[in-house]
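**Student:** Residue strings, one per chain:
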Amino acid sequence: MTTGPQATPVGAASAATVAMVPPARRSPGLWALAWARLRRDRVAMLSLAIAALFIAVMLASRLGLVAANWDEEIAVSYASPAFLPDAENLEAARSAGIPRPDAGPPVDISDIDPLAPHYGEWAERSAALEQVEGSRRTTLPFGADKWGHDVLLKTIKGSEVSITVGLVAALLATLFGTLLGALAGYWGGRVDDVLEWFYNVFTSIPYILLILSFAAVLSQGLVTIILILGLTGWTGIYRLVRAEYVKHSAREYVRAAQAIGVTDLSRMFAHILPNASHVVLVQFSQHFVQFIKAEVILSFLGLGVPVTMVSWGTMLAEAQEELIIGKWWQLTAAGVSMAVLVTAISLLADAMRDALDPKIR
Amino acid sequence: MRPSSAGAPTRALLIVLCLLAAALRPAAAAAPEKVLRMAFRSVETGFDPQRVDDLYSTAINDQLFEALLEFDYLARPARLVPLAAREVPQPELGGLVYTFRIRPGIYFQDDPAFKGQRRELVARDAEYALKRLVDPQLRSPYAWLVQGKIAGLDAAREHAAKAGRFDYDAPVEGLTLVDRYTLRVRLNSPDYNFIYVFAMSQTAPVAREVIQAYAADTMAHPVGTGPFRLAEWVRRSKIVLVRNPNHRGLALNTTWADPKDETDQRVIAALRGKRLPQLDRVEIYPIEEEQPRFLAFMGGDHDVLQETPAAFIHQVVPNGQLAPNLAAAGVTAHRELAPSITFEIFNMENPLIGGYTPEKVALRRAMVLGHDLPTEIAVLRKGQDMAAQSPIPPGTVGYDPTFTAHESYNPARAKALLDLYGYVDRNGDGWRELPDGSPLLIDYLHTTGGQSARQLAALWVKSMSRIGIRLEPRAVQFSDQLRDRHNGKFMLAAGAWVADYPDGQNFLQLLYGPNAGQSADARFRLPAFDSLYEQALRMPDNEGRNRLYGEMNRLVLAYAPWRLGVIRSYVHLTRPWVLGYKKHPMNHLNVKYLDVDVNMQAKAAR
Amino acid sequence: MSAYILRRLWQILPTLAGVILLVFILFNWVGGDPALVLAGKVTDPAQIENIRRQLGVDQPWWVQLWIFVQQVFTFDFGRSWSTNEEVSRILLTRIGPTLTIMVPVLVLETTLAVLLAVLVAYVRGTVTDRAIMIITTAAMSISFLVYIIVAQWLFGFQLGWFPVQGWTNSFLTNLTVYAPLPILLAVLVGLAPQLRLYRSFLLDEINQDYVRTARAKGLPERRVMLKHVLRNAMIPILTNIAIYLPGLFVGSFLLEVFFAIPGLGREIVGAVNRSDFPVIKAVTVYLAMLTMLVNLLVDVLYRFVDPRVSFK
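For the record, the sequence lines run as chains A, C and S.
Residue 1646 is where the first sequence ends in the numbering used here, and the numbering goes up by one at each step.
Residue 639 is where the second sequence ends in the numbering used here, and the numbering goes up by one at each step.
Residue 564 is where the third sequence ends in the numbering used here, and the numbering goes up by one at each step.
Rather than coming from a laboratory, the hints here were simulated on the basis of the structure.
Any given hint could turn out to be false.
Listed below are several chain C residues computed to face chain A (Cβ distance under 10 Å; list not exhaustive) [as the list claims (entries may be wrong)]:
#1 209
#2 345
#3 347
#4 449
#5 450
#6 495
#7 509
#8 552
Far from chain C, some chain A residues (derived; all Cβ distances over 10 Å) [what the hints assert, rightly or not]:
#9 1317
#10 1324
#11 1338
#12 1350
#13 1398
#14 1460
#15 1468
#16 1473
#17 1478
#18 1504
#19 1544
#20 1554
#21 1555
#22 1593
#23 1602
Each residue gets a CB set at the ideal place from its N, CA and C atoms; glycine is no exception.
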């Protein structure tokens, strides 16, 4: 790649010449056209609105505007939803456990206790700190989980982690896949051989095994999940982007750019990438959806998000056994929220593909 | 290597199956087979008694093999009675020597390895089993039971490690074959609890020729003297036991039954005059997920549900009473307080949280006080468990039902204690710092996988944040948790212990200083505790020893090397046609004492 | 042609080397220490050392790598660390149940997906097309975990139509009694993505010139669809199925875990939890080999079927 001082005049010249080069097949006008097509698609617009709503709620939660207090235990265990106020709740009674009928008085340890010299002061200070616990609610708008958390708030808070994981992991996978795909497709030869080898290694290991293996050896945490999903999920994008680059590298507009001395880097990213971007965009949205679903499975296996966070995956894992005891609300809240968002984005991705690639229809 | 070894076991198995089928056919024609179906909540490993330590493999081995001793079916607390031995030996020389006389006329189940001969159980088989436990090749997980205990066994083991193979023919100082049926065991030092080891299937006699014949996979070829034999095994999926036709037959021992206990009387009525075992076939399915395991019983596929998942407990015993639909179906609920305990271990060698100075003791004690145990019991354990008061759980010798811990959950007292010793928020970030101003951040180690570990961790975070202590959970794979605990790379870690034998010492040893780095992960080294422990070890079960146990309990409460958790309690369910059921705290499975009312079972199936 | 196959076979070697290296790095280097899991409740240092020596994990890494390579080529991964069962036996016995579920899933899924795809392509652009696509999208948006939990509760518990667990030695009983619910669930979840994919294959063909020619000749649309479009679209469809084949052997571990099916998927999850590396390594490497061979086969067949692609 030319990065020397003489690159600057050539680059400047190229900027002028690009306009004269036959325009890229998909001119910016095509994006506008696609948008126009998309706007006519009512399902797509509804999907877009739903996705935007979810993102807005998630951002509000991120900024602490809503659901900031989701982890307050405001209700009894499995408090019923407000629309089912009379549902029997056997779980609400806080049992002190198996009784000890023969229990004697608390044992005296003052003779061996290293803390014994301060017993008096300790008792005085603690008397000043005594608190009474407030009463807990027996119903909530959409019920409570076993701790007494508001399921509605929990679902909102859960969207934050789920969407973040899906979004960041999809970005990572797309970035990785696009970059490697561009390198392989554009350069061919040795670079392509090495990357193809890399690709073959990754794809010949079954996906679930790859995920489990990575999860088994990395420590738990949000970053880990994102890394696992991102690092194992790039192959599909790589394949498609590479194909686009192979196709476009031979096209005359790229050849022309080369003839007038446009740098490789700018040909790869300023010329070809816009033409491959529809593939990237659709792939990105599909991976987004796929990773939101993958987070659930990782959480079910206990390899998901850390204890202090909540996601739709951890909610579903927690709610596994709740259906049988008649507490369907947490499963429903997390399951439906996820399904709605995923459906909306999938439909949007379909519509985008159709809009950007009109020959399909 | 043995090139033909792959085919031989398969052929042997086929022969066994054919014989079995032939043996069972006339019986099946005469009377309907008595079949019992149930689940295990975890998977088994295999059925070589000396090579396994998991509860579920051990439970099966208990049916296939006969140890020298066993626990009486009805006696509570647990009581040793003879099984393959003629009597429970009296400790000789103050607990230094035990002489076992094996009952003549006990035969192994038929097996091709015996070449058509009936094979009688002799003392040499019991000696062989004890030697196998320390054979380095077997890497037995229960080697520690006898290691350092039986005279001369450690030397034999070291010799084997050097030579590359264990010489089973070389005599071991502490194991003497007095005659064909008598084995004398001599220990390095007196130990009154050692006798319990002989009630574990890990020491059950095995035939050397069988082990040699199936050397390639002894896990899959159990040949014992027990009332059942392994008929079919699909690993981690299905275990089928059928009655061992060679078994001499047993009768229920009612000597130790409680005449006022309803269950005991029901068991006696059901099994009176019957030759045990009564069951022809037992099918066991390991199911790890709780929902299908529960549904398998509720849907009528299984006859017994051991350890009802706590999540569904209110479907089974709402408000402590058996649910009406189950009661109508004749289901019986059996509650058991298991001789096991959960706890959290403080690493006593950790510079931040360990130590014996008042200020370090205060930190740990405050964390214990601030941990919301009532919520753990009420919400996470659905009120099914009991708050542990000492490291010794009920069902073990040395448990004192009156012993109550000096204090319980009290966040106000926890905060006061922290304030008192200078653990206050010095930089205004809302979290307390150490008295010298450096950060106070607790690292809590737990395992990935499973919802319960996760929720317990969440409760720790909540409880500690309520008293101003910052705690960060660290979830790792099971093997990594073991490693970090073993190497002392943790501050606070979750733990649990299930009794190997029903004596409090089995639990107190987890806090004995010299055991640090083996089982004592807290690395608690308090001279007062250690000397009490050593004193108790040399005493038989009596009031004096119980007093020492009480003293040790008090030291544990005062220095808090552990946060005591709960005593697990389980509800077991049986269908009305299952007769003779009584869960023994030390035996997960005891199918030789069960019977099935085939007519009632068949009627329900229709 | 044979030169091409030979060359492709030769190309498998570096990929295999990569897989071996990746698996080795993941498990022998970063993975947990199995000795502590196997040592039992009381971990005596001498015992730990003994176990590590027996498993060979105390060897330098290059020795371990060499042993691993030998294992791959002799097809002998020794025994499972936790159960002492031969790894080859584990693979052979667990494959059956997995395939009992997955083969019917593949057959049903493909048949239904192709049929529906033809139907949808036939009515492309109509409300029916749109509705079916939206419904299938929604169906595949629900988490598999939710499907399993709800189905076990509804069909197994409330309605009692299917058993929720169990497995026998009889293939027929398994297929008719224990497999239907898992199969149904897998098809329900897997159908939508396949249908979408096949629809796009069919639409690709519909836009080809020869279809227009056929229509211009006045052939009825139904005939065009079945005779020309479907026949040509079968190539990408079959390719897709072939690519899907190796995944069949892993099965769905979620189904196997929830329905207690003794298949390979459940075995893998268990092996990961127990740090039973010989099992995981064997499964990974062999499935990778299988995948490579299937890919090769697909390429060869593809070139065979489609004369436009040359063997260069």
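**Student:** Now, for every hint given, state plainly whether the structure supports it.
**Tutor:** Each hint tested on the structure:
1. With 10 Å as the threshold, the beta carbon of residue 209 of chain C stays out of range of chain A, its nearest partner Cβ sitting at about 45 Å, so the hint is violated.
2. Evaluation of the residue 345 of chain C hint against chain A yields a held restraint, the C-beta minimum of about 6 Å falling below 10 Å.
3. For the restraint placing residue 347 of chain C at the interface with chain A, the shortest Cβ-Cβ distance is roughly 4 Å, inside the 10 Å limit, so the hint holds.
4. Interface restraint check: residue 449 of chain C against chain A, minimum CB-CB distance 4 Å, threshold 10 Å, status holds.
5. The interface hint given for residue 450 of chain C holds, since its Cβ lies 6 Å from the closest Cβ of chain A, which is under the 10 Å cut-off.
6. Taken as an interface hint, residue 495 of chain C checks out: its beta carbon lies about 8 Å from the nearest beta carbon of chain A, inside 10 Å.
7. At a threshold of 10 Å, the smallest CB-CB gap from residue 509 of chain C to chain A is about 7 Å, leaving the interface hint in force.
8. Because the beta carbon of residue 552 of chain C sits about 24 Å from the nearest beta carbon in chain A, more than 10 Å, this interface hint is broken.
9. For residue 1317 of chain A, the requirement that its beta carbon stay farther than 10 Å from each beta carbon of chain C is met, with the minimum near 49 Å.
10. Non-interface call for residue 1324 of chain A relative to chain C: holds, since the shortest CB-CB distance, roughly 45 Å, exceeds 10 Å.
11. At roughly 29 Å from the closest C-beta of chain C, the C-beta of residue 1338 of chain A stays outside 10 Å, upholding its exclusion from the interface.
12. At roughly 21 Å from the closest C-beta of chain C, the C-beta of residue 1350 of chain A stays outside 10 Å, upholding its exclusion from the interface.
13. Annotated as non-interface, residue 1398 of chain A brings its C-beta within 10 Å of a C-beta of chain C; the closest such distance is 5 Å.
14. The Cβ of residue 1460 of chain A lies farther than 10 Å from every Cβ of chain C, with a closest approach of about 28 Å, so its non-interface assignment holds.
15. For residue 1468 of chain A, the condition that its CB be more than 10 Å from all CB atoms of chain C holds, with the nearest at approximately 35 Å.
16. Once the 10 Å rule is applied to beta carbons, residue 1473 of chain A is consistent with being away from chain C; the minimum gap is 42 Å.
17. Listed as a non-interface residue, residue 1478 of chain A keeps its Cβ farther than 10 Å from every Cβ of chain C; the least gap is roughly 36 Å.
18. Not every Cβ of chain C is farther than 10 Å from the Cβ of residue 1504 of chain A; the closest lies at roughly 7 Å, contradicting the non-interface assignment.
19. Residue-level check passed: residue 1544 of chain A sits 57 Å from the nearest beta carbon of chain C, beyond 10 Å.
20. The non-interface label for residue 1554 of chain A is consistent with chain C: the shortest C-beta to C-beta separation is roughly 40 Å, beyond 10 Å.
21. Against chain C, the non-interface label of residue 1555 of chain A holds: every CB pair exceeds 10 Å, the least being about 45 Å.
22. Not every beta carbon of chain C lies more than 10 Å from that of residue 1593 of chain A, the smallest distance being close to 6 Å; the non-interface claim is violated.
23. Residue-level check failed: residue 1602 of chain A sits 6 Å from the nearest beta carbon of chain C, not beyond 10 Å.
Checked against the numbered hints above, the structure violates hints 1, 8, 13, 18, 22, 23; every other hint is satisfied.
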